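Whole structure, please, built from the sequences with the hints as guidance.
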Amino acid sequence: MKIAVLALDGVFDTGLASVLDTFTTANELAALQQLPAPCFDITIVGVRKQVSTALGLHVPVQPVSACPQPDWVVVPALGTKMPEPLVHALARPDTRDGAAQLGDWHGGGARVAAACIGGFLLAESGLLEGHEATTTWWLGPLFRQRYPGVRLDESRMLVPSGDFVTAGAAIGHLDLALWLVRQLSPELAAVVARYLLVDSRPSQAAFMIPDHLAHADPLVQRFERWARGRLDQGFSLDAAADALATSKRTLQRRLEAVLGKSPLSYFQDLRVERAVHLLRTSQADIEKIAAEVGYADGVTLRTLLRKRLGHGVRELRARAR
136 MKIAVLALDG
146 VFDTGLASVL
156 DTFTTANELA
166 ALQQLPAPCF
176 DITIVGVRKQ
186 VSTALGLHVP
196 VQPVSACPQP
206 DWVVVPALGT
216 KMPEPLVHAL
226 ARPDTRDGAA
236 QLGDWHGGGA
246 RVAAACIGGF
256 LLAESGLLEG
266 HEATTTWWLG
276 PLFRQRYPGV
286 RLDESRMLVP
296 SGDFVTAGAA
306 IGHLDLALWL
316 VRQLSPELAA
326 VVARYLLVDS
336 RPSQAAFMIP
346 DHLAHADPLV
356 QRFERWARGR
366 LDQGFSLDAA
376 ADALATSKRT
386 LQRRLEAVLG
396 KSPLSYFQDL
406 RVERAVHLLR
416 TSQADIEKIA
426 AEVGYADGVT
436 LRTLLRKRLG
446 HGVRELRARA
456 R
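First residue of the sequence shown? That's 136 in the numbering used here, and the numbers climb one at a time after it.
Treat the hints as calculated values from the structure; they're not laboratory data.
Computed from a prediction, not measured in an experiment: that's the story for all the values here.
We put the CB at the ideal spot given by N, CA and C, even for glycine.
Any given hint might turn out to be false.
Within a straight-line C-alpha distance of at most 16 angstroms, the following computed EDC-like cross-link-like pairs (lysine to aspartate or glutamate) qualify [claimed, not checked]:
no.: 1; residue 1: Lys184; residue 2: Glu219
no.: 2; residue 1: Lys442; residue 2: Glu408
no.: 3; residue 1: Lys137; residue 2: Asp229
no.: 4; residue 1: Lys396; residue 2: Asp352
no.: 5; residue 1: Lys442; residue 2: Asp404
no.: 6; residue 1: Lys383; residue 2: Asp367
no.: 7; residue 1: Lys184; residue 2: Asp232
no.: 8; residue 1: Lys423; residue 2: Asp367
no.: 9; residue 1: Lys216; residue 2: Asp148
no.: 10; residue 1: Lys396; residue 2: Glu259
no.: 11; residue 1: Lys137; residue 2: Asp176
Using C-beta positions, here's what the derived DEER-type ranges look like [as the list claims (entries may be wrong)]:
no.: 12; residue 1: His350; residue 2: Glu450; range: 28 to 36 angstroms
no.: 13; residue 1: Lys184; residue 2: Thr435; range: 57 to 65 angstroms
no.: 14; residue 1: Glu163; residue 2: Ala419; range: 43 to 51 angstroms
no.: 15; residue 1: Ala166; residue 2: Met217; range: 39 to 47 angstroms
no.: 16; residue 1: Ala325; residue 2: Asp373; range: 46 to 54 angstroms
no.: 17; residue 1: Asp239; residue 2: Leu399; range: 41 to 49 angstroms
no.: 18; residue 1: Ala419; residue 2: Asp232; range: 52 to 60 angstroms
no.: 19; residue 1: Glu163; residue 2: His446; range: 30 to 38 angstroms
no.: 20; residue 1: Glu422; residue 2: Ala166; range: 33 to 41 angstroms
no.: 21; residue 1: Gly244; residue 2: Glu322; range: 25 to 33 angstroms
So this is what it looks like as structure tokens:
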């Protein structure tokens, strides 16, 4: 598998290193254990002669002209973490050239994998239009605003869609690289994951901070504050709209546009967040916690936690120790 890793100026150090280390480890283990897996031929490619990481380390890149047509292109994240600097970074000439190069590679038959903020660059190229994708969870509102034609689900860690695959925040680079290894050899991917101590992370939901997402929009933030004061009560869209002096339609539409979910779904996110906090910081039993967050019994809450987070009550409490 020929893989071109596109490194732009200010690339996220951990992301770039994670991708390269995963493929290098896969090559070493394939040879060491005599596994029937092809080697990964990795080229770090730049659209400028000089590329430095976000922490100022020099990246030895090859020019696009020297890179043979790859099977896959991997796009690590840029080192910008907040919306405003990211918007500026996406407007840079080298970033625009990088997005255009993705289109050229794809036109030649390459498929594209992007992790974390790298998904923004892939979306900038226009290639994700009409596809499913994920990205850094806290930048979901910005992603939806810029790319309304992409079906975003930032709760997922990994989303394959056609010729593309996107991964979630930061350590999602590891998940992405392991996914590519798995396409050639599931056995090799399992061994690499063991050597790198990588656990399965099918969702970003357990790491999301709902009130951080709410700050992307004033009405959503007001809804979040209102909701937190009544998590132990039943949800009413009518009551929410009245309390916020807006219409049900406007409230529904705004939350869908900013968060990609309904007011009820976000209300349940807040209940789950509160329940997890109580599980980790108190000795209250599951029945009492269920009542505090508005559920009739502990069984209902247990089922919801398992469905939303992929973990049961014992696992969640054990992680706090």
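Status of each hint after checking the structure:
Simply put, Lys184 and Glu219 have alpha-carbon atoms about 26 angstroms apart, too far for the 16 angstroms limit, and the pair is violated. Under the criterion of a C-alpha separation no larger than 16 angstroms, the hint pairing Lys442 with Glu408 is consistent with the structure, at around 14 angstroms. Annotation: proposed proximity of Lys137 to Asp229 is violated, straight-line Cα distance about 23 angstroms (limit 16 angstroms). For the proposed pair Lys396 and Asp352, the alpha carbon gap of about 14 angstroms is at most 16 angstroms, so the pair holds.
Distance check on the hinted pair: Lys442 and Asp404 sit about 12 angstroms apart at the alpha-carbon level, within 16 angstroms; holds. This hinted pair does not check out: Lys383 and Asp367 have alpha carbons roughly 21 angstroms apart, beyond 16 angstroms. Distance check on the hinted pair: Lys184 and Asp232 sit about 13 angstroms apart at the alpha-carbon level, within 16 angstroms; holds. Distance restraint check for Lys423 and Asp367: the Cα-Cα separation of roughly 11 angstroms lies within the 16 angstroms cut-off, and the hinted pair is therefore satisfied.
Taken as a hint, the Lys216 and Asp148 pair is honoured in the structure, with Cα atoms around 13 angstroms apart against an allowance of 16 angstroms. For a cut-off of 16 angstroms, the pair hint linking Lys396 to Glu259 is broken: about 23 angstroms separates their Cα positions. A threshold of 16 angstroms between alpha carbons decides the hint, and for Lys137 with Asp176 the separation of about 5 angstroms falls inside it, so the pair holds. For the pair His350 and Glu450, the supplied restraint of 28 to 36 angstroms holds, since their beta-carbon distance comes to about 30 angstroms.
In this structure the supplied range 57 to 65 angstroms holds for Lys184 paired with Thr435, their Cβ-Cβ distance being about 59 angstroms. Distance hint check: the CB atoms of Glu163 and Ala419 are about 48 angstroms apart, consistent with the given range 43 to 51 angstroms. Under the hint 39 to 47 angstroms, the C-beta atoms of Ala166 and Met217, about 42 angstroms apart, fit the expected range. The hint said 46 to 54 angstroms for the Cβ distance between Ala325 and Asp373, and at roughly 51 angstroms that hint holds.
A hinted range of 41 to 49 angstroms holds for the C-beta pair Asp239 and Leu399, which are about 44 angstroms apart. In this structure the hint that Ala419 and Asp232 lie 52 to 60 angstroms apart at CB holds, the actual value being about 56 angstroms. About 33 angstroms separates the C-beta atoms of Glu163 and His446, a value consistent with the hinted range of 30 to 38 angstroms. At about 55 angstroms, the CB distance of Glu422 to Ala166 disagrees with the hint of 33 to 41 angstroms.
Distance hint check: the CB atoms of Gly244 and Glu322 are about 27 angstroms apart, consistent with the given range 25 to 33 angstroms.
Of the numbered hints given earlier, the model fails hints 1, 3, 6, 10 and 20; all others are met.
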